[in-house]
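Novice: Can you make the complete structure from the sequences, with help from the hints?
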Amino acid sequence: MYKTEVRGKLIDGDKSFSQISREITAPINDKTPLWWYAAFLISLGMFGFGLYAKYITVTKGIGTWGVNNSIAWGWAIINFVWWIGIGHAGTAFSIFLLILRQKWRTAINRAAEAMTVVAVFCASLFPLLHMGRPWLFFYIFPYPNTRGPLWVNFNSPLFWDFVAISAYLLISASFWYFGMVPDFATIRDTTKSKIKKAVYGFFSFGWTGSSKEWLRFEGLSFVLGGIAAVLVVSVHSIVSTDFAVSVEPGWHTTIFPPYFVVGAIFSGFAMVLTLVVLMRVLYKLNDFVTDSHIDAVCRILIFISLIMGTAYMTEIFLAWYSGSEYEIYTFFKNRIFGEYAFQFWAMFISNAIVPQLFWFKKVRQKMWMVFVISIIINIGMWFERFNIVITSLSHDYLPANWATYSPSWVEVGFFVGTLGMFIAGVLLFFRFIPIIAISEIKSVAKFNKPRKDHLKHAGHE
Amino acid sequence: MNKEKYMLGVFNDEDSLVEAFEKVKARGILPVEVYTPYPIHEILEGMEKKTRITHAAFFYGLFAALGILGFLYYAAVIDWPLQYGGKPFNSFPSFIVVTIVATILSITLLTLFTFSVRAKIFPGKKAEIFHERATDDKFVMVLDKDSLGENAAEIDSIIKEHGKIE
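Residue numbers (my numbering), protein chains in the order written: chain C, 1 to 461; chain S, 1001 to 1166.
Hint data in this document are derived by calculation from the structure and do not stem from the laboratory.
The structure presented is a predicted model; accordingly, all values stated were derived computationally and were not measured.
Certain hints may be false.
Said to hold, decoys possible - The calculated label-pair distances, taken between Cβ atoms and stated as ranges, are:
1. S/S1091 with C/K9: 52 to 62 Å
2. S/A1153 with C/L282: 47 to 57 Å
3. S/E1161 with C/L41: 56 to 66 Å
4. S/S1091 with C/N29: 55 to 65 Å
5. C/K194 with S/K1145: 30 to 40 Å
Yeah, the Cβ is synthetic: ideal placement off N, Cα and C, and Gly gets one too.
Specialist: Right under this line is the structure:
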């Protein structure tokens, strides 16, 4: 069970409830800082570049990408899996930690959920554009049509993936939004601006904080939390079946679903750490996102990093132990010592070795080091997906089909565009939405102090 | 809403509210409503209302799962059977994946809708605010003056002991 002594305080400073509301809504009510405009402008530029790359993709076709017949997936799928992985942290944070009754989640879950919604949205663009004719994407819906009606193939992992991703986007967005309703009401009732009162009043859906509302709200969180926990495991398992159900060497393994899920949570937590460090530095939220919060996330990362290392070693061991020459070729000749050795070792070192630095308390306490390591993990996880997608496809069974791959500027532009979209989304979130769940922080504020009600009871009765 | 009809007990923290609430209830009076910045379990239980949203969610899930499985069977076996890689038309294990995910989606959307209807939280609703700071830092108990009867003076003193009357 949770003990404040173990983890340190949940909130620093003895804050009153109205102080909590004021400090968390400060970015919304105060003047927007200059760096925000600068960063927003840059991210819009990146987003614009991405739009241009998408325009080229749509008008000229997939031929503008560096993909070829052997390596048909390229950056689009690498980035898709990478973004989905990042998008995993929202559910993992809110729901796993909710189920485990980890009270420290309250300071971080809102940011993690926001990140999820934006990241999953970024991810969904890649398969959409990769279809080549995105205007026909609705063919993947199983709807009664005039082509037979010919239904979609329910045995295909690509269809499972479509269902999983669209469900995940809708579910995480609604979970996030309904968590914010009470906070929007707080802004409505505390702000002095008439415009904000009207806008946040609209988005608060008439929330008043009555016991009837809270009772049902709790019921709703219970239901959504309970069933969305399945999604933490299912979404990336389904993504992994895109690979595992094929017969490519290096893909056709049973380790893939857990390996992908753990990898997703790993990259997601790393991105949460990046964001949370930024929140602390940029908005001075040190009192809410305390050193012990950062410490807790770092410790989780050590643990997940060890699982990642084990998964890498397991894959390599089984490739050798299976005696399959294709597996041995893919893992040893192509990945570890071959053409793609750089990407393999970049993945291995950034994911399995660098995060081990978090064992040292000095590293966990230095914000810049935490920030740098979190970025390294994100890059490492990108290389992991590169490693999986490209190396297996480049040299498979038929040497006649062997090919190499390098991305064209259009693919790079597309990726830069999603990065811009992500940064812009996060900046808008920082500016217009309470970054930390106000009502949840208030509900854990009492755990900071010894409960005085026991004393009071003794005194009165 | 006629504000004259109600008495507001306003408290500064959870403990004072809960104590006053329990004392008021011990006099056989149930407050009309309690407004708090965050959910307080003693109050939610004490208000003697139950939510059946979890039961509703269970049945949504049950019917959604059956419906989706039924649809997959209809589409892949009855309406237009197609052989995919020598698998049977009714390839039940691979139907399960879509069934689970789509069931979760149905439960989420239907439960949200139910919540919206039952808790009357929907876009465009105007909030009926008794006390402006109930979403910020005050814990507000609303009592119907008529329900107090001869206990009025006693209730007054209970509230004044823990908070104030507005």
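Novice: Next, verify each hint and record whether it holds.
Specialist: To see whether the hints hold, each was checked on the structure:
The hint said 52 to 62 Å for the Cβ distance between S/S1091 and C/K9, and at roughly 54 Å that hint holds. Distance hint for S/A1153 and C/L282: a CB-CB separation of about 55 Å, consistent with the stated range 47 to 57 Å. For S/E1161 paired with C/L41, a C-beta distance near 57 Å keeps the hint of 56 to 66 Å intact. The hinted range of 55 to 65 Å is satisfied by S/S1091 and C/N29, whose Cβ atoms lie roughly 57 Å apart.
Checked against the hint of 30 to 40 Å, the C-beta distance between C/K194 and S/K1145 comes to roughly 33 Å, which is consistent with it.
In this structure, none of the earlier numbered hints is contradicted; all agree with it.
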